[in-house]
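Let the hints inform the model, and build the full structure from the sequences given.
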Amino acid sequence: MGTPASLASLKSIEWDIVIVGGGNAALCAAIEAREAGARVLLLERAPKPYRGGNSRHTRNFRCMHQGPMSVLTDAYEEEEYFHDLMLVTKGNTDEPLARMAIRTSESCLPWMERNGVRFQPSLSGTLSLSRTNAFFLGGGKALVNAYYNRAQDLGVTVVYEAEVTHINIEGDSFNSVQVKRDDEEAEISGKAVVLASGGFQADIEWLARAWGPAARNFLIRGTPYNRGEVLRDMLDSGALSVGDPTQCHAVAIDGRAPKFDGGIVTRLDCVPFSVVVNKDGERFYNEGEDVWPKRYAIWGRLVAAQPDQVAYAIIDAKSANLFMPSVFPAEKANIIAELAAKMGLPAGKVEETISRFNAACKPGAFHPTELDGLATKGIEPAKTNWARPIDTPPFYGYSLRPGVTFTYLGLKVDQTARVSNNAGLYRNIWAAGEIMAGSILGQGYLAGFGMTIGTVFGRTAGREAAAYVN
Amino acid sequence: MSIDVLGPLVGRQSQGPTASAAIDEARRQLEICNACRYCEGYCSVFPAMTLHRAFDDGEVTQLANLCHNCRGCYYACQYTEPHEFDLNLPRALAEVRVESWERFIWPNGLAALFQRSGMALAGALFGAIAFMLALAYGLRPESGEGFYAVISHTVMATLFTVASILPLIVIGIGVWSYWRAVGGERVKLKHLHDALIDAGRLKNLSGGAADGCNYEKEDRYTMARRWSHQAVMWGFLMCFAATVSGTVLHYGFGMEAPYGPFSLPKLFGVPGGILMTIGGVGLIALKLRAEKSLGAPAVWGGEMAFVVLLTATALTGLALYWATGTGAVRPLLIVHLGTVLALYLTLPYTKMVHIPFRLAALVRDAQTKRA
Ligand SMILES: Cc1cc2nc3c(=O)[nH]c(=O)nc-3n(C[C@H](O)[C@H](O)[C@H](O)COP(=O)(O)OP(=O)(O)OC[C@H]3O[C@@H](n4cnc5c(N)ncnc54)[C@H](O)[C@@H]3O)c2cc1C
Ligand code: SF4
Ligand code: SF4
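Chains A and B are the protein sequences, given in the same order. If you read the first sequence in my numbering, its first letter stands for residue 1, the second for the next number, and so on. If you read the second sequence in my numbering, its first letter stands for residue 1, the second for the next number, and so on.
Hints were generated in silico from the structure; no laboratory data involved. By construction, the Cβ of each residue, glycine as well, lies at the ideal position given by its N, Cα and C atoms. Check each hint, because a few of them may be wrong.
Straight-line C-alpha distance at most 16 Å; calculated EDC-like pairs for lysine to aspartate or glutamate [claimed, not checked]:
(1) 279/A <-> 352/A
(2) 362/A <-> 391/A
(3) 48/A <-> 203/A
(4) 217/B <-> 153/A
(5) 349/A <-> 280/A
(6) 180/A <-> 153/A
(7) 48/A <-> 256/B
(8) 412/A <-> 244/A
(9) 48/A <-> 81/B
(10) 48/A <-> 219/B
(11) 259/A <-> 84/B
To be clear about the criterion: a stretch of chain B counts as covered by chain A if any three or more of its residues have a C-beta under 8 Å from a C-beta of chain A, and this derived list gives those stretches [what the hints assert, rightly or not]:
(12) 34-46
(13) 70-76
Ranges of calculated distance between the beta carbons of each label pair, as one might list FRET restraints [claimed, not checked]:
(14) 196/B <-> 110/A: 52 to 58 Å
(15) 70/A <-> 325/B: 58 to 64 Å
(16) 73/A <-> 298/B: 41 to 47 Å
Here it is in structure tokens:
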């Protein structure tokens with residue numbers, strides 16, 4: 001259905017279920033609820049070209065399977081999946097919820113296919129994920145498009161640029177949402193609500209309050225529309241929260257990326273083959289630490305702790321082709337001092353750092369795709385793998401900044417995705433996706449699990465809410 | 001192959017930077033895609049792209065000719081306008097493609113004219129029909145039956161031999177320039193095999209793992225474009241077979257047109273013409289509904305005129321068949337032959353050249369894949 005002329009016109013309809021948000025979790029909920037016969041209104045804050053939140057930036061979801069299934073090879077069973085989750089969260093997870101998400105993921109894949117999502121074999125450069133993660137053909141935006149088409153065919157009403165500013169609750173019951181579009185405001189009632197408005201990473205001030213002023217220099221990898229006002233509003237109303245409020249998941253990305261929405265292309269995979277210095281030209285961490293799964297997250301934090309939240313990776317010609325191409329070309333020079341000057345670094349200091357590093361490199365076999373144990377000797381910090389001298393021009397340099405992917409603080413839910421306050425479960429409020437993911441991902445991040453959580457809990461929330469109104 | 005004698009003729013085109021804004025824009029976008037790769041499953045452009053880290057002019061041109069404008073990668077892209085990366089790969093590649101044909105085909109100006117102007121093609125059509133009319137009346141045959149009572153066989157055969165051979169030579173030289181520009185190597189049988197199989201099934205129009213193109217229904221996949229194109233392609237090949245079999249019957253067995261309903265030319269020609277007409281009408285309808293700004297808008301009119309001309313060729317051929325024995329044969333034959341003449345003569349300068357260039361691109365792709 002098209003965008004209604006005014007918000008006021010929406011008030012004349014008696015909505016069964018109001019869905020707040022327009023990403024993966026919201027769409028899964030909308031489709032399930034509508035298929036169960038409910039009258040569904042989906043309120044997406046972003047304009048149509050930017051619909052789909054961070055889900056539009058994704059590429060895969062992690063899926064349990066007991067044998068080859070669709071594009072997935074081999075098997076990936078519950079215990080292994082759960083073990084992988086424990087590894088990254090260091091046990092900071094709600095086991096029953098996590099196991100439910102893992103088990104249900106298996107039936108999600110065929111459901112997604114039925115609703116128009118197409119899969120492709122794992123992308124070049126990501127072979128390590130071909131067993132565990134199913135890749136969306138065309139990525140997350142194509143997935144989101146498929147779901148919007150499906151929702152539209154089913155008769156879900158979708159409104160873009162509709163920002164939910166407040167959830168009206170009385171006692172244990174939801175009554176209505178407060179919505180704003182352009183200059184218009186309206187209160188729209190419904191029998192139940194599904195909250196699927198994502199995380200709060202686009203609210204830099206919130207990040208700065210939680211993390212510290214350094215967060216103002218973070219880049220936000222996803223949508224500028226996930227500002228967490230619904231989460232804030234629910235917490236203010238007394239809803240129970242989970243997840244670490246002070247933390248977010250950040251990785252080191254290309255320092256030249258746009259402030260918002262840079263997405264996947266801004267990632268940089270060069271760190272293991274480089275020497276990384278801060279803006280004073282000094283090394284600060286072992287670039288050769290174990291690659292997977294730790295490095296994925298660790299460099300975001302490391303860079304965040306450096307002055308001005310910036311760092312610089314320097315490689316030489318030997319390593320120039322060992323990692324995925326970058327979206328912005330590297331700075332390039334034939335001598336280190338010139339490269340340093342180009343990047344605005346103290347040239348003398350960088351030269352000194354590199355020559356000390358080079359002197360500490362030892363001969364040995366270099367294997368880019370495995371932990372090769374090729375380590376430096378006699379410097380601090382050491383580089384414990386892939387330590388080759390930076391000595392073959394031309395030299396290349398990239399700047400690195402923390403890029404936020406995910407926030408942990410969220411609403412506490414039960415197995416049916418229902419939200420609660422101190423007094424117990426709300427009667428008619430469900431939550432799905434990143435807004436409740438902290439229950440399962442208390443810390444760390446498991447590639448592809450964000451979309452699994454959104455799909456599993458989105459579908460559950462949609463079904464449960466529909467069952468409640470019917 | 002001894003085609004190397006053409007070296008001096010075509011050498012002028014394949015050297016040095018092109019300083020082409022279209023190539024630079026496509027290169028900018030390809031570099032973003034190469035860091036992303038989300039669209040890898042749609043078509044052969046992406047797997048070919050990931051073999052490089054940087055793209056020279058020839059590589060951009062090759063990738064552009066592999067693309068068939070299905071638009072899957074536009075609707076799937078998280079970086080389309082208003083995002084600052086402003087991705088529109090289908091359009092960027094279409095513009096390079098069109099420009100490359102204009103650059104490789106001699107004389108450059110003619111391709112630019114017919115590709116960009118539907119009116120020019122319409123002009124060529126009317127010119128050709130007028131010419132046939134003049135021929136039919138100016139060189140009215142003394143004797144002859146059926147078609148040859150309108151125009152003698154000798155005149156017809158000479159005219160169409162010249163009208164088909166000249167364009168083929170021009171196209172041949174153009175494709176050779178292309179081959180040099182994209183760094184093509186010696187062609188082996190297995191490369192041709194791979195390329196023809198892809199082309200025959202229009203494999204890439206299937207959208208890879210998708211269910212077709214994102215063409216006339218925005219981000220919804222449909223097979224309409226693939227089926228329409230298949231109909232035109234196989235219809236065209238059947239009409240071609242009809243012509244060849246007619247020639248063989250004429251010279252080999254002394255049997256003259258018009259042929260009976262169960263003769264080879266008719267058995268190929270009638271279904272072929274029907275297929276081409278249905279497919280052509282389908283393509284016209286699809287093109288009217290598709291978003292212009294995802295192709296090369298400058299050549300929309302020229303492309304549309306070309307599809308109309310192609311469809312008209314089939315339609316007038318069919319009409320001629322049904323008019324056999326009536327007084328309508330004379331005017332219809334003149335119109336049909338005029339249409340065919342216009343189609344042939346403009347061959348190197350219309351969308352028709354996508355066939356040889358795309359085949360060349362597929363052969364080159366097979367080479368890099370097997371390498
Ligand atoms: C670059 C990048 C790549 C990623 N890749 C992957 C991956 O490959 N696999 C994976 O599993 N995870 C990935 N993630 C994480 C993943 O994006 C999230 O876990 C997932 O998208 C969350 O889904 P969601 O539906 O909860 O939220 P979102 O998809 O972010 O949707 C939130 C929606 O709510 C809307 N909204 C926000 N506030 C309001 C409001 N007040 N009123 C109305 N609407 C509102 C937003 O506009 C948006 O439509 C990636 C994240 C990033 C940034
Ligand atoms: S078109 Fe967009 S989504 Fe597709 S590969 Fe290129 S940048 Fe990625
Ligand atoms: S438009 Fe289609 S064929 Fe062309 S590059 Fe994009 S996906 Fe490939």
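Each hint tested on the structure:
{"no.": "1", "hint": "279/A <-> 352/A", "in the structure": "14 Å, holds"}
{"no.": "2", "hint": "362/A <-> 391/A", "in the structure": "13 Å, holds"}
{"no.": "3", "hint": "48/A <-> 203/A", "in the structure": "21 Å, violated"}
{"no.": "4", "hint": "217/B <-> 153/A", "in the structure": "14 Å, holds"}
{"no.": "5", "hint": "349/A <-> 280/A", "in the structure": "7 Å, holds"}
{"no.": "6", "hint": "180/A <-> 153/A", "in the structure": "26 Å, violated"}
{"no.": "7", "hint": "48/A <-> 256/B", "in the structure": "63 Å, violated"}
{"no.": "8", "hint": "412/A <-> 244/A", "in the structure": "12 Å, holds"}
{"no.": "9", "hint": "48/A <-> 81/B", "in the structure": "12 Å, holds"}
{"no.": "10", "hint": "48/A <-> 219/B", "in the structure": "13 Å, holds"}
{"no.": "11", "hint": "259/A <-> 84/B", "in the structure": "11 Å, holds"}
{"no.": "12", "hint": "34-46", "in the structure": "holds (count 9)"}
{"no.": "13", "hint": "70-76", "in the structure": "holds (count 4)"}
{"no.": "14", "hint": "196/B <-> 110/A: 52 to 58 Å", "in the structure": "36 Å, violated"}
{"no.": "15", "hint": "70/A <-> 325/B: 58 to 64 Å", "in the structure": "60 Å, holds"}
{"no.": "16", "hint": "73/A <-> 298/B: 41 to 47 Å", "in the structure": "46 Å, holds"}
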